[in-house]
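A.B. asks: Sequence:
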Amino acid sequence: MSGQDATARKLTKKDFESDQGARWCPGCGDYAILAQVTKLLPELGIPRENFVFVSGIGCSSRFPYYVNTYGFHTIHGRAPAIATGLKILRPELSVWVVTGDGDGLSIGGNHLVHCLRRNVGIKILLFNNRIYGLTKGQFSPTSEVGKRTKSSPAGTVDAPVRPVSLALGAGATFVARTVDVDVKHLLEILRRAHEHKGTAFIEILQNCPIFNDGAFSQLSDKDLRAENQLVLERGKPMIFGKNRDKGLRLGSDLRPEVVSLEREGKDPKLLVHDETDPALAYLLGTLDLPLFPVPIGVIRCVEEPAYEEAVAAQLQEAQKTRGRGSLAELFARGQTWEVAPGKAKKEG
142 MSGQDATARK LTKKDFESDQ GARWCPGCGD YAILAQVTKL LPELGIPREN
192 FVFVSGIGCS SRFPYYVNTY GFHTIHGRAP AIATGLKILR PELSVWVVTG
242 DGDGLSIGGN HLVHCLRRNV GIKILLFNNR IYGLTKGQFS PTSEVGKRTK
292 SSPAGTVDAP VRPVSLALGA GATFVARTVD VDVKHLLEIL RRAHEHKGTA
342 FIEILQNCPI FNDGAFSQLS DKDLRAENQL VLERGKPMIF GKNRDKGLRL
392 GSDLRPEVVS LEREGKDPKL LVHDETDPAL AYLLGTLDLP LFPVPIGVIR
442 CVEEPAYEEA VAAQLQEAQK TRGRGSLAEL FARGQTWEVA PGKAKKEG
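When you read off a place in the sequence shown, starting at 1, and then add 141, the result is the number in the numbering used here.
None of these hints come from the bench; they were simulated from the model. Bear in mind the structure is a predicted one, so any value in this text is a computation, not a measurement. There may be inaccurate statements among the hints.
Computed Cβ-Cβ distance ranges for the label pairs, DEER-style [stated by the list, open to error]:
1. Gln460 to Gly168: 52 to 58 Å
2. Ser292 to Gly406: 49 to 55 Å
3. Arg465 to His217: 35 to 41 Å
4. Asp364 to Lys291: 27 to 33 Å
5. Pro350 to Glu470: 55 to 61 Å
6. Cys166 to Ile216: 20 to 26 Å
Don't be surprised by glycine CBs; every beta carbon is placed ideally from N, CA and C.
Could you build all of it, start to finish, from the sequences and the hints given here?
C.D. replies: Have a look at this one:
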């Protein structure tokens with residue numbers, strides 16, 4: 142469908158559903174994420190041919206086959222690098238990277254970090270199920286200490302990577318976390334990521350029912366999540382609990398602590414969420430069960446120049462002062478050598 146056709150007819154969710162049947166295990170959290178992505182895309186008012194989904198290797202990386210847009214199923218861990226090149230060349234495109242905790246944080250960790258620090262205008266969805274699912278259940282970079290798997294029968298001794306903390310440390314301008322089955326929250330976070338000009342990084346806590354079932358049950362179970370999630374809202378105090386009776390504040394030693402609102406009275410001095418505060422974002426990235434609730438929502442959002450804009454400005458300035466270049470002239474200028482049998486003649 143051309144851009145002109147798209148403006149003549151409003152796109153629907155069905156327009157973004159491909160003719161390829163999704164092939165994930167029954168109950169996989171990837172289905173819920175796919176459903177919310179295809180629900181969001183027609184609401185953005187962008188022609189279908191201006192979306193591109195780029196993935197690496199893993200269960201999550203089948204995603205481009207299941208979205209009726211342009212897409213690349215690329216090399217293990219290299220999706221951010223390929224997406225960066227695409228965004229620089231075609232900055233008008235809406236470019237999304239779909240990766241997993243293994244693909245994105247192990248072999249692809251280096252590429253992810255540099256994409257985040259550059260603030261390339263792409264949206265990165267990191268599906269975190271704390272396991273290698275495609276290769277049948279080995280521990281991943283985010284698996285908890287002591288995790289017994291086929292590759293760690295005695296329990297892993299690796300300290301897990303914290304995706305949010307990694308993204309913040311790399312200087313990401315938009316960092317968020319959500320849960321696969323909380324579809325309303327997931328949709329809103331995806332929308333916020335689209336609206337962000339630079340790199341948007343979303344950690345999606347996602348269940349693998351075959352190799353790591355219930356990894357995030359305390360955050361996804363409807364009877365447990367209110368006690369274990371801290372849902373972040375801009376400008377609002379950090380309150381949680383089934384009865385909204387608990388809060389988060391800094392103690393006298395400047396360390397976070399959970400307080401009872403009933404015991405603390407009217408002025409418990411709770412932390413108020415500020416998406417632009419780097420110190421607060423770092424603190425939120427360290428919170429985890431069982432001592433603290435897990436922060437869910439936009440942890441950091443600041444506006445900074447996008448990488449592709451800076452590159453485009455350099456190219457425009459170079460063309461303005463030096464004219465449009467010639468690739469053939471670039472290859473031929475300077476010192477060149479002609480290599481012939483038995484001799485090497487230097488020219489230039």
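A.B. asks: Each of the hints needs a verdict: does it hold here or not?
C.D. replies: Status of each hint after checking the structure:
| no. | hint | in the structure |
| --- | --- | --- |
| 1 | Gln460 to Gly168: 52 to 58 Å | 54 Å, holds |
| 2 | Ser292 to Gly406: 49 to 55 Å | 51 Å, holds |
| 3 | Arg465 to His217: 35 to 41 Å | 37 Å, holds |
| 4 | Asp364 to Lys291: 27 to 33 Å | 32 Å, holds |
| 5 | Pro350 to Glu470: 55 to 61 Å | 58 Å, holds |
| 6 | Cys166 to Ile216: 20 to 26 Å | 24 Å, holds |
Hint check: no violations occur; every hint is consistent with the structure.
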